[in-house]
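Could you build the full structure based on these sequences and the hints that come with them?
Note that the protein sequences, when read in sequence, are chains Y and H. All residue numbers for the first sequence refer to UniProt numbering, where the first residue is 1 and numbers rise by one. All residue numbers for the second sequence refer to UniProt numbering, where the first residue is 1 and numbers rise by one.
All clues stand as given, with none of them false.
In silico negatives: residues of chain Y with every beta carbon more than 10 Å from chain H: (1) D25; (2) S77; (3) D110; (4) Y212.
Distance ranges between label pairs, derived from CB positions: (5) Y:G67 <-> H:R156: 18 to 28 Å; (6) H:R118 <-> Y:L104: 53 to 63 Å; (7) H:Y233 <-> Y:R123: 16 to 26 Å.
Pulled a few chain Y residues facing chain H out of the computed Cβ check, cut under 7 Å: (8) I74; (9) Y80; (10) D85; (11) F88; (12) P89; (13) L91; (14) E95; (15) M99; (16) Y102; (17) I103.
Don't read these hints as lab results, they were simulated from the structure. C-beta atoms are modelled at their ideal positions from N, C-alpha and C, and glycine is treated no differently.
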Amino acid sequence: MLTVDGLDAGYGDLQVLHDIDLEVDSDEYVAIVGPNGAGKSTVMKSVFGLTTYMGGSVEFQSREISGRRPEEIITHSIGYVPQNDNVFPSLSVRENLEMGAYILDEVPEDALEDVFDRFPILRERQDQTAGSMSGGQQQMVAMGRALMLEPDLLLLDEPSAGLAPDLVSDMFDRVDAINDDGTAVLIVEQNAKETLGRCDRGYVLVGGENRYEDDGDALLGDEQVRRDFLGG
Amino acid sequence: MGDTTEFTWEQWFGVLLLAGVGVLILDVLRRLVVGDLGVSTFSTFLWRGLVDGLIIGLAAVGLSMTYSILRFANFSHGDLVTTGAFTGWTAAWLIGGAGVTGLGSRLLLNADGSTSARELNLHVYAEPVAIVAGLVIAAAATVLVALAIDKLVYKRMRDAGGIPLLIASVGVALALRYVIVFFYGERTRGIVRSSPSIDHSLLFWTDSLVVHELVMVVSAVSLMLGLHGLLQYTKLGTAMRAMADNKDLALITGIPTERVILATWVIGAGLTGVAGYLIVLEQETLNFNTGWFLLLLIFAAVILGGIGSIYGAIAGGLIIGLADNMMLVWISGDLTRVAAFLLMILIFIFRPQGLFGGVETA
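Here it is, written out as structure tokens:
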């Protein structure tokens, strides 16, 4: 469904990614792990049109989307949850979700209901401002917003960052559930062990290049990968 | 806030400040009861404070809106106020003065000194149509001027940052002001006839109520309520608040940011033009510095309320206007503005981010 082929990208004149290949099939759950500064988030931003495109191709559902702007890519059924500042703090939870469907003429009530069913706390607190909620709840608001257009592919940038340890596995359960319901997931994570244990396939990114690609469990089992990137 | 023992000194200062204001209010009540302060004098002060506060607030809303969306302090805002005043009143003179005096002197608002406000006899009872038409034109013309300036100047520097944009806006302010001087000249002219009054004392216990002030208050309050409705209950308003919160996130959410910026200029400049027009209705005279001189008070209101907050701008305007007038109870007129700004400084000591800063709202 998503095919990244030989992608070069970066910011302005600075090239961060070199010849990246990556694939996500429909319904698949794919993780990108790797050390800090490896360009993990940049891959995701490049898919969503937020970086400077420098070569290669990004194809989504047989359509070339490299070099397109985010406001166009969002119409192609890709949802994106950035790592930081991913909610509108002064807007209510409900308004945050409604903004997720801004490009539609009407608020899609069934998508909104689905999000509320998925994250019941959001239904309960729909009139509260997003900025007044806890980090974990804000992460739910951000995911809910990205799900409002019922995307075929959801891009998640470090959803566990900044969460209290006891909330992390709950968050991963929710990502599993989203994937089980038929949305392909591409996730970037620091928390490599947890992610690789759950995903279908993983990529290890080092220095802006693909280093390893395999099943999540296989990567976890690979001694080289464990030693170099997963801290033992 | 927690226990009193955990108060920071800023919080103590805030408590003292509130206590001080409380003492002043009690003193006003005492004076009213004892008879040191006539009820009608008191309500005149209060009413004047409300009038001044609402007009400053209305003018400040536009500045706060452009700040919250475009992230720069627009120094040409005062001259947008002036633009609204000149364009609106030109329209009102063209309509209301037809047949009284020549087209040329009406078109340039009596730049040649050949007529007078007395001759035109423009007030709300005599020429209601002209006054309302002028109000609409003031909004429309100011919107057009603001959009033209955005396209010519600000749009090219959208991501240049706050300081370059601020400097550019100072240039725009001067250019706009002297374009106005070029056409209308530097003379201060009478524009509106003295307002008729309502001679009963239903509203506030003054002997009479100045109709033009009433028109101003009603217009300002309705526009503010309308803006509140737009911001809170429409998709566009929600998008404006979203963009004020986080422009990057708005972009990746699919909010058409340039269209929101356009709407911000339209609404902000429209309100600003109306404010300029209404100021003249109330003060009856106009010159090319009218808006520029007001800019200090507008900035004071905006910063007091928390820069970027629209409700803060309204609250800030009311505080400045009310303080400026209510201080007449204790001190002479020359010093009231000093007192108003002193109050502003005191509020900053305990809330540097402004009253509504960092709370919510666009």
